[in-house]
Amino acid sequence: MPECTSKSTPFLLCSSHSIPLPPAHVVASALSQHAAARSPLSLLDCHPPARRRRFCDYLLSSALLTQPPVVACCYHSAARSGFKLGETVPWCYGFPFNSGLRHPQYTGVALTTWGLALCLINEPSFVESGVFHAAVVAFPAFYIVMSWMEQAGDNDKKSE
Amino acid sequence: MPLSLLGSTPVKVFAKLEMVGKVQQLGSIAAYWGAATAADAVRSALGGSGGSAAYIGLLFIFIGQLLNVATYAAIGDAGVY
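Those sequence lines, one after another, are chains A and B.
Residue numbers for the first sequence follow the numbering used here, so the first one is 1278 and each next one is one higher.
Residue numbers for the second sequence follow the numbering used here, so the first one is 41 and each next one is one higher.
Treat the hints as calculated values from the structure; they're not laboratory data.
Built from N, CA and C at the ideal position, the CB exists for glycine as well.
Just so you know, not all the hints are guaranteed correct.
Across the chosen pairs, the derived CB separations fall in these ranges [claimed, not checked]:
hint, chain 1, residue 1, chain 2, residue 2, range
1, A, SER1402, B, THR49, 41 to 47 Å
2, B, GLY61, A, THR1365, 23 to 29 Å
3, A, PRO1401, B, SER92, 15 to 21 Å
Construct the complete structure from the given sequences, taking the supplied hints into account.
Spelled out as structure tokens, the structure:
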């Protein structure tokens, strides 16, 4: 791998396919102009929408990229498998485990998501953007799948 | 390990890292929807635009968070994560 020899242009990576970065004062100037023109909240609300969605893609992909190292790091006793790998978890019979719900927390998350969707159902941007559909169908579906996966290896079968 | 700075046990570290994941999730939704648009919609909903559906929604949120908090209080980090 070649060394970074350029003194004038900083490089993101020291390799044969290095990506030149703009000078720091150009970045700082652009950021300060952007910040001056917009409130902090609207920094996320850049236009056109394609740019906003690229930022969204970045966040989602960074979440996917950071998850495997987290699981690899913590798998010995965590990563939603603590009880299967020796962590002591109290066996609870009180509320909410006496409510008849197999997965009370996931049920709670789904109810919260549906509640938010109901509160925002009359907002056109909420429905037109597709966030409504994600809140009503996609997010609860993730938890249904997760419940099924956890139930598939449930340790209460051993105590029956 | 730098991650050990976040907590004394893997479960505690994982719980902290989950917060990062939640920020990423909510940030993704805000970026997709548009933070200013989302803020306007929430303000409008708080102003009463949701109508009767909003009351049912608030009931759902209350029950949902009751279950969520009660589960966490009962089994803690080790049970949740």
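With 23 to 29 Å as the target window, see if GLY61 of chain B and THR1365 of chain A comply at their CB atoms.
Holds - the Cβ-Cβ distance for GLY61 of chain B and THR1365 of chain A, about 25 Å, lies within 23 to 29 Å.
In this structure, is the beta-carbon distance linking PRO1401 of chain A and SER92 of chain B contained in 15 to 21 Å?
This hint holds: roughly 18 Å between Cβ atoms.
How does the Cβ-Cβ distance of SER1402 of chain A and THR49 of chain B compare with 41 to 47 Å: does it lie in that range?
Since SER1402 of chain A and THR49 of chain B have Cβ atoms about 43 Å apart, the given range 41 to 47 Å holds.
Hint compliance for this structure: no hint is broken.
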